[in-house]
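Enquirer: The lines below spell out each chain.
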Amino acid sequence: MSGLAEFSSAFLDVCVNISLAVLTVAFVLIVLRIVRGPTLPDRVVALDMLVAVGIGYIAAIGVQTDYFLYVDIAIALGLVGFLATVAFARFVLNRGLARDPTIVDEIRETELREGRSKANVAGSAAPQGEGAR
Amino acid sequence: MTPFLEIAVGLVLVIGSAFSLIATLGLLRLKDVYMRMHAGSKAGTLGSGLMLIALAVHTGEVDVLTRALAGVVFFLLTAPVAAHLLAKASYEVGYRPCSDTHIDEMGKRDT
Chain A
951 MSGLAEFSSA FLDVCVNISL AVLTVAFVLI VLRIVRGPTL PDRVVALDML VAVGIGYIAA
1011 IGVQTDYFLY VDIAIALGLV GFLATVAFAR FVLNRGLARD PTIVDEIRET ELREGRSKAN
1071 VAGSAAPQGE GAR
Chain B
5 MTPFLEIAVG LVLVIGSAFS LIATLGLLRL KDVYMRMHAG SKAGTLGSGL MLIALAVHTG
65 EVDVLTRALA GVVFFLLTAP VAAHLLAKAS YEVGYRPCSD THIDEMGKRD T
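As you go down the protein sequences, you meet chains A and B in turn.
All residue numbers for the first sequence refer to our numbering, where the first residue is 951 and numbers rise by one.
All residue numbers for the second sequence refer to our numbering, where the first residue is 5 and numbers rise by one.
Where hints are given, some of them may not hold.
Stated by the list, open to error - Chain B side only, calculated, beta carbon under 8 Å to chain A, not exhaustive:
{"id": "1", "residue": "Gly14"}
{"id": "2", "residue": "Thr82"}
{"id": "3", "residue": "His106"}
Claimed, not checked - Label-pair restraints from in silico Cβ distances:
{"id": "4", "chain 1": "A", "residue 1": "Ile968", "chain 2": "B", "residue 2": "Glu96", "range": "14 to 22 Å"}
{"id": "5", "chain 1": "A", "residue 1": "Leu1062", "chain 2": "B", "residue 2": "Ile26", "range": "42 to 50 Å"}
{"id": "6", "chain 1": "A", "residue 1": "Ile1023", "chain 2": "B", "residue 2": "His88", "range": "21 to 29 Å"}
{"id": "7", "chain 1": "A", "residue 1": "Glu956", "chain 2": "B", "residue 2": "Val85", "range": "42 to 50 Å"}
{"id": "8", "chain 1": "A", "residue 1": "Ser952", "chain 2": "B", "residue 2": "Asp104", "range": "50 to 58 Å"}
Unchecked claim - Which residues of chain B face chain A? A partial, calculated answer using Cβ under 8 Å:
{"id": "9", "residue": "Gly44"}
{"id": "10", "residue": "Cys102"}
{"id": "11", "residue": "Ser103"}
Derived from the structure by calculation, the hints contain no laboratory data.
Small disclaimer: the values here were computed from a predicted structure and weren't measured.
Cβ coordinates follow ideal geometry from the N, Cα and C atoms, glycine included.
Can you make the complete structure from the sequences, with help from the hints?
Expert: In structure tokens:
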């Protein structure tokens, strides 16, 4: 029995370390998407995902150190992430309806890219922004 | 804590972080904001929710367990709302889905 207990605690340690490493990789890749993300909503989605990974970190650290105070912080972080996403959605809506030049430029770029990829698929000289409406 | 519970906690932690990584890969590789949202808000919520459940099983104490489960329920409730709100806002503003999206019911409506 004691052999099994030793094995299980060692296994838990290895599992916590593996999950921390995987979460770190995920964190770096999400930051890459935030930096690269072609449009504003892409970046907002990636920030939302960053909050989810942060909560995962808190859970893994809690299992590793047996220090459970951070669960409250995880809940607060989730609340703040939700409110931030809602606020960003309102921001995108308001700025877009007010024809903010940055957002208008992003939309035009997206439509240009779509027009080009459609032309590649169809093999025809499709007019740009043809599928806009 | 029994050894079997400990092993289960470790497995659930690894599975949860794997779901987070899968959500991140979706965020990186899918083509437009609506597809990325689909990866991030479903697999991402599942990943962090599983890790919080592992934490809840790992603690013996009732107060920490209730708080962790309340956190899971909270994320399950809020993630779809946030994703839907953002998708609605960006569609309303004029970000169009990429050409791989074949069915666009809202596009038909506002021609």
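Enquirer: Hints first: check each against the structure and report whether it holds.
Expert: Evaluated hints:
1. Gly14: Given a least distance of 3 Å, the restraint on Gly14/B holds.
2. Thr82: Constraint on Thr82/B satisfied, holds at 4 Å.
3. His106: This interface hint is violated because 12 Å lies over the 8 Å limit.
4. Ile968/A with Glu96/B: 14 to 22 Å: violated, 42 Å
5. Leu1062/A with Ile26/B: 42 to 50 Å: With Cβ atoms ~31 Å apart, the hint is violated.
6. Ile1023/A with His88/B: 21 to 29 Å: For Ile1023/A and His88/B the Cβ distance comes to about 26 Å; the hint holds.
7. Glu956/A with Val85/B: 42 to 50 Å: holds, 46 Å
8. Ser952/A with Asp104/B: 50 to 58 Å: This hint holds: roughly 57 Å between Cβ atoms.
9. Gly44: holds, 4 Å
10. Cys102: holds, 6 Å
11. Ser103: Cβ of Ser103/B sits 5 Å from chain A, so the hint holds.
Hints 3, 4, 5, counting from the list given before, are not met by this structure.
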